[in-house]
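A.B. asks: Please assemble the complex out of the two chains, which come individually in their own frames, going by the hints.
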Amino acid sequence: MPLVLNEEQAMLQESARDFLNSQAPVSHLRTLRDERSETGFSRELWREMSDMAWPAMGIPESHGGLGFGFTGLGLVLQECGRTLTPSPLMASALMSAATLARFGSEEQKSELLPAVAAGEQIVTLAVDEQAQHRPEHVSTRMGRSGSGIVLNGSKRFVLDGMAADVFLVSARSGGKRDDPQGISLLLVNRSLPGVSVTRFQALDTQVLAEVEFNDVQLTETALVGQEHEGHALVEFALDTARIGQSAELLGVAMEAFERSLEYLKERKQFGQPIGSFQALQHRAAIVFGEIEMCKSLVLNALQMLDGHAEMSAMERAEIASRTKSKMAETALLATAEAIQWHGGIGMTDDFDIGLFYKRARLLDSLLGDRHFQLDRYARMRGY
Amino acid sequence: MRSPYETEADLCWGGRNFQFQSQDQEHWLHRMAAKGWTAPTWPVEYGGGGLDRDRARILKEEMRAINARPPLYSFGIFMIGPALLKYGSDRLKQQHLPPIVRGEIRWAQGYSEPNAGSDLASLQARLEDRGDHFILNGSKIWTSYGDKGDWMFCLVRSDGELPKHAGISLVLFDMATEGVSTRPIRLISGKSPFTETFFDDVRVEKDQVVGELNSGWTVAKYLLTHEREMIGGSGLRQEGEEALGQLAIRHVGLKHGQLANPVLRSDIARLEIDGTALGLTMDRARDEVKAGVSLGATSSIFKYYGTELNMRRQDLLMSIHGLHALDWDGPQSEDGRIPRSWLRSRGNSIEGGTSEIQLNIVAKRILGLPG
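Here the protein sequences come in this chain order: U and L.
Numbering of the first sequence is given in the numbering used here, commencing with residue 1 and proceeding in unit increments.
Numbering of the second sequence is given in the numbering used here, commencing with residue 1 and proceeding in unit increments.
Just chain L, same shape as in the assembly (with noise of 0.2 Å):
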């Protein structure tokens, strides 16, 4: 558990059918778990570490000094989670965290349907009130691991008289319950990380609503800042990853000094100036929450630039391969890891709110521009 993973299979996901890679990754789960370390800033009552932001940070730096992994990699822990800290009953909070933090159940998030991607509110999967439950009914689309997914967080039209935006509320769900079936969706990669999620006739239980009914665009869209701040993330080097100039220079090779072709290498130094810059920004929006001085709405920004990086990475890492690159599954290419995680790359310009739906969001929320 002390070298860096290579692709997201290397990950502990947690969740009921999990199939632990070793017996290490198992305990350094159960161990971190029983410390609430795999949701370090979550209250103790709910399982998580209790630590204050301060104290999450030393946590994270300790672990980066030892080169471990993450115990968990978790859309519970990234998404609902905090959702259902804000917003969800105390009762919804005692059902749902510890199990999380335990990794014990694995979630999965239903947006995005085939006619609403970008406009998200139009989305027409449609919840019925049955008196004691309710009936769900409709389909989504990229659905991260919907296949492997235990319980799904969805967004469902829950009233179609209300303006759109109006009608939506946010409810979990067991993907066990009879009715839900999933279909994969083979991706330009030749990987099916997303499928398609169909409803017939699936029951939810009334107390299973975020918030009040009605309300769950609100939840969706504080859910979707912390999910576009995960997502952004990936534009940093990650832990224990090799510096691209490092890399560069093994696989390309010096010349008088200077890596071989001087127009990568300058495509390079812009690269890892540009994620420094990155990072230092999200350090420093941190320390202005902190400091009562915010801007809001930086999960754009970040999401935005984030993927922008990693997408200019994945495809420096393509040409420091050279013609190696293009092995799609021979025996050394690990499963076609560099071309499969270029073509992926290209999805984070896509995935939770496209680019040009972040800029819109940074000119109208945080600069003011009209219309």
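One chain only, chain U, in its complex shape (with noise of 0.2 Å):
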């Protein structure tokens, strides 16, 4: 396949740009930071995302989504990633969706997609339980009462934990702590009793939650695909999900780079644009280049989820992994060196770099940082 955009997805990403430049540009982040957002993004840019269909576009036609495709999503997500916009869209309508497309029962799939698509119902992830990121690592446990489940144990860090309506929640069925066996992948309805959830600011832009389970009773048709079995459908959703946030990265480095390449050349010191300078021409060609190795690298991880019936499980890993790592190292390098070329003022609250850098580290740290995704890798290249 062509690493190239066809002229629907160049459309796409051309709207999508227009739209976010007018209606989430940085300052909308600001606005939700200042105003300390409860869920950390807008209610009302989600209905209008959902309303261009933004939603629906990796859920199939069968599900009440448009079937459009992970790259044309990826290429939203990019945009985002330029204007620094929040929303559920990564985690709902990209990794939970997703998830629920391949492993969901058809039950499942009515219920929830045809909502995930019209942007009416959130559905996010709740795996991580530690500092470390090691989804294998599950204490939450899945017991059994009568005919139904009980679960019990918490969740932390969970993406658009604050506004979620479900959950798709990593619970030990069996096993022990660490064992990639013995984890069951369950449906969790927010509003059931013994759920609750507590709001995390991270990073001063984002916001995360902490869900605890007490006695949460749950039926059967919770559990997503076999009892037990659900490592690798948490694996499925986090490589979709790296592959994503990668997508959004990518953006986040384009428009810190393309910004403080402006600055370059208007900032004039010693009588002369700073961009005049040798040690500043090298470090932009070097920032370029390897953004430009960056692109390839999503594109083709985008157009791999397209055609994902070919794709093994290691395969899937090697690629979100190689992509993650690389992706979420270039952009940490070149919000870093935008916060350098930018001098004094790049240090500023006022200055809108600074919020690159952070969105970068945020990316970069959650649903796995580059240094666990270079190692699972060498892992997944049999060294």
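Everything labelled a hint here was simulated from the structure, so no lab data went into it.
Heads up, some of the hints might be wrong.
As the list claims (entries may be wrong) - Pairs of lysine-lysine, DSSO-like flavour, derived with a Cα cap of 30 Å: (1) L/Lys93 to L/Lys148; (2) L/Lys290 to L/Lys93; (3) L/Lys35 to L/Lys86; (4) L/Lys255 to U/Lys176; (5) L/Lys221 to L/Lys206; (6) L/Lys221 to L/Lys191; (7) L/Lys148 to L/Lys206; (8) L/Lys206 to U/Lys265; (9) L/Lys93 to L/Lys191; (10) L/Lys290 to L/Lys35; (11) L/Lys364 to U/Lys268; (12) U/Lys265 to L/Lys60; (13) L/Lys60 to L/Lys35; (14) L/Lys164 to U/Lys265; (15) L/Lys255 to L/Lys93.
C.D. replies: See the structure below:
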């Protein structure tokens, strides 16, 4: 498949950029932050995004989606990265929807996917329990009581957890604490008795949540896929999400780089634009080259997602980990360089560039940072 | 011809004096050349394969599938051929392209001079008009395999009065012409893949100027983009070459299922990912050219990035092979292949325009930075 966008995809990207620039530029994020938004994103904006069918793009037509594909959704995420626009698009419409579409029962799919596609329901993955991302490390317990399921435990750092209607929760149904076997994946409605959610403010712009489950009573229909076999589903969800995060990181890196490049041309010291100094020219050229490499990795990964029928779990893991590892490293490089090129003003809160740096770090850290991904890549490659 | 080549000496370079290493090598060249597949995308009228990019890619994939070695490795194909196709007269194309396709003539590049390295356009080799022919005097340095070349494409100063970029021409001549001599340059690798080349009243025919007289700088830059892409390609894993991680498992060993040295392991993983990214980006650049949305100046990005990767890889190979990698000429060392390749690779970021020159080009031409 050629590594270029088709006409439809290019048009979508352009219209997403226009919309976000007018409706949700970086100042939108500042407003959410300064108002200490409960959910971390604007419900009103989310409705507008839903009206444009953004959450429907990756969901099959048979379940209320557009079936436009993950490449298209990735391009929209990339544009959201440029404006740092927060929304549940990645967690709900990509990560959770793709997992349900692939592994959910017919009943689960028809109940949830049309609502996710319409933006009416927000579904997210609750996987981390500790500061180090280790998805097989699960102590949240899935027990049995009579014919039902009882859930106890807590999850932390849950993406869009404050707004989520439904959680996909990894729980231990058997095996030991770090055993990939014996993990089950459960759909848990936020409104159920025993579910409580606490807000967690991350790096001053993004809202995460801690979710506690206290004797939550579930029925058999809460189980996604086979009992004890949930780890593969969690990996699928995470790898899909990591590719989505990479698309967003690409937008973050490109925007920070382009803004800084303009600054190099405008800012004068010693009577000349600082961009005429070779020390800065070479750094700019290196960052540019790294971003070009990342563009190819990200587009390739999105295209692989679109053709996922032929991709094994190992291949998916290798592609997701290599893409996120390289992309996160590059986004951190580009945004850190951006601060340096701006000098003192880059350190101020009034100026936007620091917000890009924070977003890059946040996306790097969530769902496995670049070191985690590099280690995992090597494991997938057999060494 | 279905096993990976290990050094440049295993390649078929062609030329008047080339000694085939085996009959297979000779057959493979002749059979592929007969179909024009040594230069698959060149027009049929000049002996090429006449394939479009997609078909050429299929041919490449098929050759990879059977682990086939390239039938011919030639500066004629990588460098002067594309320049002739774009800027040469029909006469020059008819004269020079078919022998390149058939591997009959080996070409050498006359670009750098002792006082014109990164500042290539300050070159001084002097071409004088003598009525029905030219006379060339001066010298070149860093001529790759200058002692094995049959013909040379050579950048010369054809008008000393014009500004430095304007008075340059690209001329072609037979290196057997009287007055051409070479002297090998010994590198830190102990090998001599380059020569100095001297011109003492060398006769150059008037019809052997590529493009117009004094417009050689344009041709030279175009040719350089091909050279840079070729050098950048050295950053990719070569056909049939074992993946670094697998090689490391054999030489370094595993501990708890992972490479025994975790720092080396992460360096290898980074390099593998960067190599994949470079390969995909080269693919993407080709797709973008086809779709008409190319950036231009991408050869400088590839040259910079590819050479950095190859240098990192050579360094990792030294670590992976441990103390064996120090073996300079012992019976097991294949003539010191590993340490000599490692040393040779330091030149990657110098030849064909240094890394710093590539970054200058990216900064000015793509990023539009001033100065």
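A.B. asks: Now tell me, hint by hint, if it's right for this structure.
C.D. replies: Quick rundown of the hints versus the structure:
no.: 1; hint: L/Lys93 to L/Lys148; in the structure: holds, 22 Å
no.: 2; hint: L/Lys290 to L/Lys93; in the structure: holds, 25 Å
no.: 3; hint: L/Lys35 to L/Lys86; in the structure: holds, 22 Å
no.: 4; hint: L/Lys255 to U/Lys176; in the structure: holds, 24 Å
no.: 5; hint: L/Lys221 to L/Lys206; in the structure: holds, 22 Å
no.: 6; hint: L/Lys221 to L/Lys191; in the structure: holds, 29 Å
no.: 7; hint: L/Lys148 to L/Lys206; in the structure: holds, 25 Å
no.: 8; hint: L/Lys206 to U/Lys265; in the structure: violated, 47 Å
no.: 9; hint: L/Lys93 to L/Lys191; in the structure: violated, 34 Å
no.: 10; hint: L/Lys290 to L/Lys35; in the structure: holds, 25 Å
no.: 11; hint: L/Lys364 to U/Lys268; in the structure: holds, 18 Å
no.: 12; hint: U/Lys265 to L/Lys60; in the structure: violated, 43 Å
no.: 13; hint: L/Lys60 to L/Lys35; in the structure: holds, 14 Å
no.: 14; hint: L/Lys164 to U/Lys265; in the structure: holds, 29 Å
no.: 15; hint: L/Lys255 to L/Lys93; in the structure: violated, 59 Å
Going down the numbered hints, you'll see the structure goes against 8, 9, 12 and 15, while the others check out.
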